[in-house]
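Chains as they are written, first to last, in our numbering: chain L, 1 to 143; chain Z, 1 to 741.
Hint data in this document are derived by calculation from the structure and do not stem from the laboratory.
It should be emphasised that the depicted structure is a prediction, and the values quoted were computed from it without experimental measurement.
The calculated SDA-like cross-link candidates involving lysine to any residue, where the alpha carbons are at most 20 angstroms apart (straight line), are:
1) Lys-560(Z) with Ala-118(L)
2) Lys-572(Z) with Leu-117(L)
3) Lys-26(L) with Ile-547(Z)
4) Lys-26(L) with Ala-545(Z)
5) Lys-21(L) with Asp-38(L)
6) Lys-97(L) with Arg-585(Z)
7) Lys-26(L) with Leu-548(Z)
8) Lys-712(Z) with Ile-591(Z)
9) Lys-97(L) with His-532(Z)
10) Lys-21(L) with Tyr-544(Z)
11) Lys-113(L) with Thr-567(Z)
12) Lys-21(L) with Asn-552(Z)
13) Lys-535(Z) with Glu-94(L)
14) Lys-568(Z) with Ala-118(L)
15) Lys-113(L) with Ile-530(Z)
16) Lys-21(L) with Leu-549(Z)
17) Lys-21(L) with Leu-548(Z)
18) Lys-535(Z) with Thr-121(L)
19) Lys-568(Z) with Pro-119(L)
20) Lys-26(L) with Leu-549(Z)
21) Lys-26(L) with Asn-552(Z)
22) Lys-560(Z) with Ile-547(Z)
23) Lys-535(Z) with Asn-95(L)
24) Lys-113(L) with Asp-571(Z)
25) Lys-113(L) with Ala-545(Z)
26) Lys-572(Z) with Tyr-613(Z)
27) Lys-113(L) with Tyr-544(Z)
28) Lys-184(Z) with Tyr-196(Z)
29) Lys-26(L) with Tyr-544(Z)
30) Lys-26(L) with Glu-550(Z)
31) Lys-572(Z) with Pro-119(L)
32) Lys-113(L) with Glu-546(Z)
33) Lys-170(Z) with Ala-482(Z)
34) Lys-21(L) with Glu-546(Z)
35) Lys-535(Z) with Val-112(L)
36) Lys-572(Z) with Met-115(L)
37) Lys-535(Z) with Leu-117(L)
38) Lys-97(L) with Gly-582(Z)
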Amino acid sequence: MQVPTDILYIEDSEDYIEFMKRAMAKVNNSLRVNVLTDGKGTLQYIEQATSQALPKLILLDINLPDYNGLELLAKIRASKVTRYIPVVMLSSSENPKDIRTAFDSGANAYLVKPMGLAPLTETLNSICNFWLNHHQPVERFAA
Amino acid sequence: MSYPVVDLTNCDKEPIHILGKVQSHACLVAADKDNFCILYASSNLEMLTGQSYDQFLNKKLEHFFSALDQEDNGESALQVVKFVLRSDQDSLNPVRMNIGGHVFNMIVHASGNYVVLEFEPSSSVDSELQKYVGASLSRILEGRNLQETLDSAAEQIRELIGYDRVMIYKFWEDGHGEVVAEKKKDDLEPFLGLHYPASDIPKQARELYKINLTRVIADVRSEPSDIIAHNDTTKGQPLDLTHAGSRAVSTIHIQYLRNMGVDASFSVSLIANDELWGLIACHNYSPRFIDYKARQHAKLIGQVLSSSIQHRNSREDKEINLNFRNVADDLIRKMHQDWSVADALINPKKNVLNITGAGGAAVIFEGRTHLTGTTPPKEAIGPLVQWLQAEVKQNVFYTSQLGERYPVAGSFSETGSGVMACAISRELGEYILFFKPELITTVNWAGNPEKPAEPGEDGIMKLSPRRSFDIWSKEVRGQSEAWSRAELNSVFKFREDLVHFISLKANEIRRLNAKLKEAYDELDTFSFTISHDLKTPIASVKNYAEILLEDNPGLSDQGKHFLSRITKSADKMNDLIREVMGYSRVSRQVISKQRIDMKLLLEELGTELVAAYKPKNLKLTISGTPEIMGDKVMISQVFTNLLSNAIKYSAKSDPSIVNVEGNEEGGQVVYSISDNGIGIDMNFGTHIFELFKRMDNVRDYEGSGVGLAIVKRIMEKHNARIWYESEPGNGTIFYLSFQRD
Numbered sequence: 001m002q003v004p005t006d007i008l009y010i011e012d013s014e015d016y017i018e019f020m021k022r023a024m025a026k027v028n029n030s031l032r033v034n035v036l037t038d039g040k041g042t043l044q045y046i047e048q049a050t051s052q053a054l055p056k057l058i059l060l061d062i063n064l065p066d067y068n069g070l071e072l073l074a075k076i077r078a079s080k081v082t083r084y085i086p087v088v089m090l091s092s093s094e095n096p097k098d099i100r101t102a103f104d105s106g107a108n109a110y111l112v113k114p115m116g117l118a119p120l121t122e123t124l125n126s127i128c129n130f131w132l133n134h135h136q137p138v139e140r141f142a143a
Numbered sequence: 001m002s003y004p005v006v007d008l009t010n011c012d013k014e015p016i017h018i019l020g021k022v023q024s025h026a027c028l029v030a031a032d033k034d035n036f037c038i039l040y041a042s043s044n045l046e047m048l049t050g051q052s053y054d055q056f057l058n059k060k061l062e063h064f065f066s067a068l069d070q071e072d073n074g075e076s077a078l079q080v081v082k083f084v085l086r087s088d089q090d091s092l093n094p095v096r097m098n099i100g101g102h103v104f105n106m107i108v109h110a111s112g113n114y115v116v117l118e119f120e121p122s123s124s125v126d127s128e129l130q131k132y133v134g135a136s137l138s139r140i141l142e143g144r145n146l147q148e149t150l151d152s153a154a155e156q157i158r159e160l161i162g163y164d165r166v167m168i169y170k171f172w173e174d175g176h177g178e179v180v181a182e183k184k185k186d187d188l189e190p191f192l193g194l195h196y197p198a199s200d201i202p203k204q205a206r207e208l209y210k211i212n213l214t215r216v217i218a219d220v221r222s223e224p225s226d227i228i229a230h231n232d233t234t235k236g237q238p239l240d241l242t243h244a245g246s247r248a249v250s251t252i253h254i255q256y257l258r259n260m261g262v263d264a265s266f267s268v269s270l271i272a273n274d275e276l277w278g279l280i281a282c283h284n285y286s287p288r289f290i291d292y293k294a295r296q297h298a299k300l301i302g303q304v305l306s307s308s309i310q311h312r313n314s315r316e317d318k319e320i321n322l323n324f325r326n327v328a329d330d331l332i333r334k335m336h337q338d339w340s341v342a343d344a345l346i347n348p349k350k351n352v353l354n355i356t357g358a359g360g361a362a363v364i365f366e367g368r369t370h371l372t373g374t375t376p377p378k379e380a381i382g383p384l385v386q387w388l389q390a391e392v393k394q395n396v397f398y399t400s401q402l403g404e405r406y407p408v409a410g411s412f413s414e415t416g417s418g419v420m421a422c423a424i425s426r427e428l429g430e431y432i433l434f435f436k437p438e439l440i441t442t443v444n445w446a447g448n449p450e451k452p453a454e455p456g457e458d459g460i461m462k463l464s465p466r467r468s469f470d471i472w473s474k475e476v477r478g479q480s481e482a483w484s485r486a487e488l489n490s491v492f493k494f495r496e497d498l499v500h501f502i503s504l505k506a507n508e509i510r511r512l513n514a515k516l517k518e519a520y521d522e523l524d525t526f527s528f529t530i531s532h533d534l535k536t537p538i539a540s541v542k543n544y545a546e547i548l549l550e551d552n553p554g555l556s557d558q559g560k561h562f563l564s565r566i567t568k569s570a571d572k573m574n575d576l577i578r579e580v581m582g583y584s585r586v587s588r589q590v591i592s593k594q595r596i597d598m599k600l601l602l603e604e605l606g607t608e609l610v611a612a613y614k615p616k617n618l619k620l621t622i623s624g625t626p627e628i629m630g631d632k633v634m635i636s637q638v639f640t641n642l643l644s645n646a647i648k649y650s651a652k653s654d655p656s657i658v659n660v661e662g663n664e665e666g667g668q669v670v671y672s673i674s675d676n677g678i679g680i681d682m683n684f685g686t687h688i689f690e691l692f693k694r695m696d697n698v699r700d701y702e703g704s705g706v707g708l709a710i711v712k713r714i715m716e717k718h719n720a721r722i723w724y725e726s727e728p729g730n731g732t733i734f735y736l737s738f739q740r741d
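So that you can see chain L by itself, here it is in the shape it has in the complex (with noise of 0.2 angstroms):
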């Protein structure tokens, strides 16, 4: 049974979880957020999606207790269904090679963490007004 969702939040960590909510609403009260905590209920997301309820853009955090954020981000770009939905990765790593992996991995952005609450909603707000309302992600993962 899917939920009608505009954001998939894949997070384990409770207060980060507090605190994007909090930032959506800021930015956006209407959006619907949906949140998964592990990388299995993940997984079966990714299989069941049809095209009629997709997320309009997901938040991936790489550091899951049961999977790396990278290996669902792969999931995500080669499944026909979900592979134009723009993904953000959320790291502690500021590591230039891991941020560069994630970009190769099929990123459209990476945020580090922690974040401040200000920092956090403006960035939100940016990446939302450019994809909810006005961009569809390029052609780039095309077969």
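Fit chain Z to the given chain L structure using the hints.
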């Protein structure tokens, strides 16, 4: 006729055993050992037979014996000759014969194809001698040490032969001799302790001393008798007189004895370990003959003394070996105990010096030179080591005449004529050097050892031993006592143990270093990780405080104040974490050096800092900006830290003066950053560079206590130095000194 060139080695070449003469007290005949035909006879044979020697040449031996007026017509004498030839033994010697009212000893030996018969006067009474010798041998063996044994042997020999002077003469390694024991008539000048040059007893004479264990020269003034050969048969070949006791003496030796005023001489060889150890040399100042029996007894005494010397030598060697070994073992043990090489080697009580009999030692190890005992001056050691490194390949090298190979040694011959060099590491120039002093700076040589060549009576240049026997001193320059076998063994063994220990130690240090580096890396990783992991919860703390404030607009002022304190503390903690990460990052970073345009760097920096701090009364001057070779990012960090400190801590001065000045001094580039701020108590010394150290007077200023630690770390990475001068209230100057290239 050509004359041989005269030099000091001439004596070595004079063929003294085939001179073809016998001493005048003896008569000699030699016969073919197969047909007993007499082919050689001494010209004084008349003394024995009343007939001229030519009556016997080319005649049978039987004919000669019959002329000796014997009861059995010489039959028993002939049997002895046959026995000697058959059995090659001289146990029947001497044969006592009463000839013309005198008692003679006939001594028979074989020489090549001949049998040689010598006739000498007999003087002694057998049975008394026998008794006497037994007693004297036991007295010699009673000696508690070598010196006592030698003294008593000299005394016994003197009593046996009744000569005016009996000396025991010891040969040194270089062939020269020393009088080590002496018994003499009281009124004679003592020769004890005198040294004689090697040429006094030429090499081939020394070889003969090993064959003829006794030798008597009864009267140096009497004319020796020629040995006449039957020419047709012998074809002019001289008779080999090697084993003939009555053989005449080399004219050089005769003259030598005459120069000393000696009329008769007698010697007994002392042989230890198959080498001529020395001689019992006896002088008489009037002619004196010693008959065969007495000579045999003297020989026996000499043999007993020889074996005693050999025994004592080996025992003393063993003792010395053991002593050296004990010291060496102690040193090695101490090294293992203290885990230090140099400390053990230079220990003032028992040190490396005592593993040999050296007078001094130098230990060149780990870049330092330690001296102990009497050594050449320190300045001489370095060049000597360089010479050893370049010229000597052996691990243990020794010489008792360093100056011969290394002429520079002449300047310190007094302390270092002898050197034994034990290489710890030739590559590193690490050595233990043992020094022996110039042994005989002044020795009592007997006479002038430089024999002058003088024309003989016939006008032909002939080597003549010196004529003057006044003692005079000769300096034997640049020579030390020889290195003994025991010393060599000791040093060889010690080197093995030492090298083993050093390799053990080197491994241990390598292991420790690796461990330390591992721990250090771990700590760096740890501090990096932990600071990183702290960031998330702190951000959460701050975010929640903000949310709380936002969600509760009706909160009391105090509540709002507390929430803002939480936020501020979280910020402060974040800053600290960032600094610590920066600090540990410095040591993880690889430095990449380049030429840095300091003028550009400092001017940009000045602009940035002024923009950041907005100081009110700052007077910043930058003068002299020589380039620095360094990592641009890191060097910029250094100047940022020091300049912002200078601006920060002088902010309350009016005006606040900050000067940056660079200078080139020799191979160094030195920058100074001075301010007129609050200053630092110099008592804090280098503690100000430690992590999280903040001085008491900076409480009111922003800071984490990490900046100077980072600066120090960067400077260390550049092999550069940092120091400061300061006075509380009067400002601070920091100095940075970089290698120019």
